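Please construct the entire structure, taking both the sequences and the accompanying hints into account.
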Amino acid sequence: MSLNGRIALVTGGSRGIGKSVVETLAARGAKVAFVYKSSKESADKLVAELAAKGYETIGFQGDVANKAESDKIIAEVIQKWGRLDILVNNAGIIRDGLLAIMEEDAWQSVINTNLGSVYNFCQGAMRQMMSQRYGRIINMSSVAAEFGNQGQVNYAASKGGIQGLTRCLATEIGRRNITVNAVAPGFIETDMTEAVRNAAEGDIKKQIPLKRLGKPEDIANAVAFLASDEASYITGHVLVVDGGLTLGGF
Numbered sequence: 001m002s003l004n005g006r007i008a009l010v011t012g013g014s015r016g017i018g019k020s021v022v023e024t025l026a027a028r029g030a031k032v033a034f035v036y037k038s039s040k041e042s043a044d045k046l047v048a049e050l051a052a053k054g055y056e057t058i059g060f061q062g063d064v065a066n067k068a069e070s071d072k073i074i075a076e077v078i079q080k081w082g083r084l085d086i087l088v089n090n091a092g093i094i095r096d097g098l099l100a101i102m103e104e105d106a107w108q109s110v111i112n113t114n115l116g117s118v119y120n121f122c123q124g125a126m127r128q129m130m131s132q133r134y135g136r137i138i139n140m141s142s143v144a145a146e147f148g149n150q151g152q153v154n155y156a157a158s159k160g161g162i163q164g165l166t167r168c169l170a171t172e173i174g175r176r177n178i179t180v181n182a183v184a185p186g187f188i189e190t191d192m193t194e195a196v197r198n199a200a201e202g203d204i205k206k207q208i209p210l211k212r213l214g215k216p217e218d219i220a221n222a223v224a225f226l227a228s229d230e231a232s233y234i235t236g237h238v239l240v241v242d243g244g245l246t247l248g249g250f
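With the UniProt record's numbering, the residue at position 131 of the sequence shown is 131, and numbering never jumps.
Just to be clear, a hint being listed does not mean it is correct.
Below, in silico cross-link-like pairs of lysine-lysine (DSS-like), each with a Cα-Cα straight-line distance of 27 angstroms or less [to be verified]:
no. : residue 1 : residue 2
1   : LYS205    : LYS45
2   : LYS53     : LYS67
3   : LYS80     : LYS40
4   : LYS40     : LYS72
Hints in this document: simulated from the structure, not taken from any laboratory. Quick caveat: nothing in here was measured; it's all calculated off a predicted structure.
As C-alpha cells, then:
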C-alpha cells in the first residue's frame, strides 16, 4: 500500500496513536505534516527521528478547536507542498465524569476538541481536495460510540458525532473522488489509557476475544489502508479495530 507522492496532515500527531499514524504514513512514502498542542519536545523528536530515516515531516503547534488556527495550518501545508491528499483527524481528549456533576467546561472542551476539530479540518481540507479531485479523509472515532460507557457521556457523544459527520460528508463529496471514513479503536495501549490499564488490564483482556490490548500501530495500519488506493471504493464506513471487544461474546 504505497503512498508515494501523497501529502498527509494528521492532527494530534506527536504522541500515541497519532504518532504511530505519522510514522506509518511516512514509511509508506507520504510527506506528513502533523499538529500538536503542547508537546513540542515530543514533536521535535519525532521530526528528527523520521528525518534520520529519510522521511519528510513537519510539525505545527496549534489549537485544533480554533478554526482560524486550523485554516492557517492547512494553508501552510498546501503552500509548502502544493496539495493535500490525506487528512487524518486524530486529535482528542478525555475529561471523564458523571453527567450529573459534570462541569460545562468539561463538556464543551471535549466536544470542541474531539468533534469541533473534525469540522474545522474537514471544511478547510476538502476545498483543496475538491479542486484537485482527490482526497482521503479518515476520522478517529471510538468504540465508546458503539456502546454506553459510564462516565464518558461527553467523550461518547463526540465520537458518535464523528461517525455521523463521516457518513454525511461521504455523501456530499464522493462525486469529487474523495472518500471519508472513520476508524473506531478499542482499548489501545497509549498514555491516555495508562491509568485504566494499571487498574484493570487483566479484566479488560478477558473481554477481548483476541486476549490482548491493541497497539497504536494496529490503528495506524488501518488508517494507512483507508488512505491508500486499495481502499478507493470504501467510503462512509466506520472500521472498528478492537480485537473483537464489541462482539459481546464473552
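| Hints violated by the structure (numbers, ascending) | 1, 2
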